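Trainee: Sequence:
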Amino acid sequence: MKNLFTLSFLGIVFFLSCNENEEHQSSTNYNSTTIDKQIKLSGKISKYPSKPTNLKVGDSLTLEFKLKNFPKDSIYIVPFIENEIHHQYNGIDYQLVQNNINIDKIFIKDSIASCKMKILVPGTFQLSFKTENDQSITSDYIRFSAVKINAWTYQVKTRDSNMFQHSKYNVYFMYSIENGINGNDNYLEQEQFNNSITSYEGKTNKHVFIPNSELEFTSIRERTGGDSNPFNTNSTLSITLTNGISSIEYKDIKINHK
189 MKNLFTLSFL
199 GIVFFLSCNE
209 NEEHQSSTNY
219 NSTTIDKQIK
229 LSGKISKYPS
239 KPTNLKVGDS
249 LTLEFKLKNF
259 PKDSIYIVPF
269 IENEIHHQYN
279 GIDYQLVQNN
289 INIDKIFIKD
299 SIASCKMKIL
309 VPGTFQLSFK
319 TENDQSITSD
329 YIRFSAVKIN
339 AWTYQVKTRD
349 SNMFQHSKYN
359 VYFMYSIENG
369 INGNDNYLEQ
379 EQFNNSITSY
389 EGKTNKHVFI
399 PNSELEFTSI
409 RERTGGDSNP
419 FNTNSTLSIT
429 LTNGISSIEY
439 KDIKINHK
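Our numbering puts the first residue of the sequence shown at 189, with every later residue one more than the last.
There may be inaccurate statements among the hints.
So the derived label-pair ranges between C-beta atoms look like this [said to hold, decoys possible]:
{"hint": "1", "residue 1": "D247", "residue 2": "N287", "range": "15 to 23 Å"}
{"hint": "2", "residue 1": "K306", "residue 2": "K391", "range": "27 to 35 Å"}
{"hint": "3", "residue 1": "H395", "residue 2": "K297", "range": "51 to 59 Å"}
{"hint": "4", "residue 1": "I408", "residue 2": "I280", "range": "37 to 45 Å"}
{"hint": "5", "residue 1": "K391", "residue 2": "S262", "range": "49 to 57 Å"}
These aren't lab readings, by the way, just hints derived from the structure by calculation.
All values reported here derive from a predicted model rather than from experimental measurement.
Note that CB positions come from ideal geometry on N, CA and C, so glycine has one too.
Please construct the entire structure, taking both the sequences and the accompanying hints into account.
Mentor: The following block contains the structure:
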């Protein structure tokens, strides 16, 4: 498995290591400043919930940090905010968590620290960190994309009931995958994922995929009034997006039955 990013810079060094194919990696900009060139901060994403390419809202990443040659035995690290379009706001775009508590800065004691980062919104993220006192600051980026997946059913009455017959309903099975709302939130379009394979209750459905659109993941089912619902409320959905060369898979998607 290959390094997602190798980050080198003057003063702070931030390393991001994880496993994934190069076609899903993003380049890193190298530009940083520091007061003391001997101070070095290294960090990495040590654990993904699955493959880095199929991150979605609600997933959590584990971050690990290490500090070298800093004159104190403890310090805080905070996100470095540059703009609003790259999802850089803790508590809005993602949430840092340490010891099961939501935090706005990461405490490093004896030169090491770890925390989790929960993804809150879909989009293409471009993140960097700095020491709280600005003695060291870097504009090197952690880049990744995450989507938001919704799956649901709804019913449309096709026949009213009367003394001779029950009412009838068509049950529709829908899903959508959202990229995000900012101009650079176009991960799925860039990868040209234009086909989808959905798997539900042992059946597959192949169809054209359109990001940010409502799509059917299985065929319409008919229900007669008084009958039980024509689906298992515990069933989940799996979705594979493909562009003919590569693919990504999202598993165990819960379905909201309306």
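Trainee: Against the earlier hints, flag every one the structure doesn't satisfy and list their numbers going up.
Mentor: Of the numbered hints, all hold.
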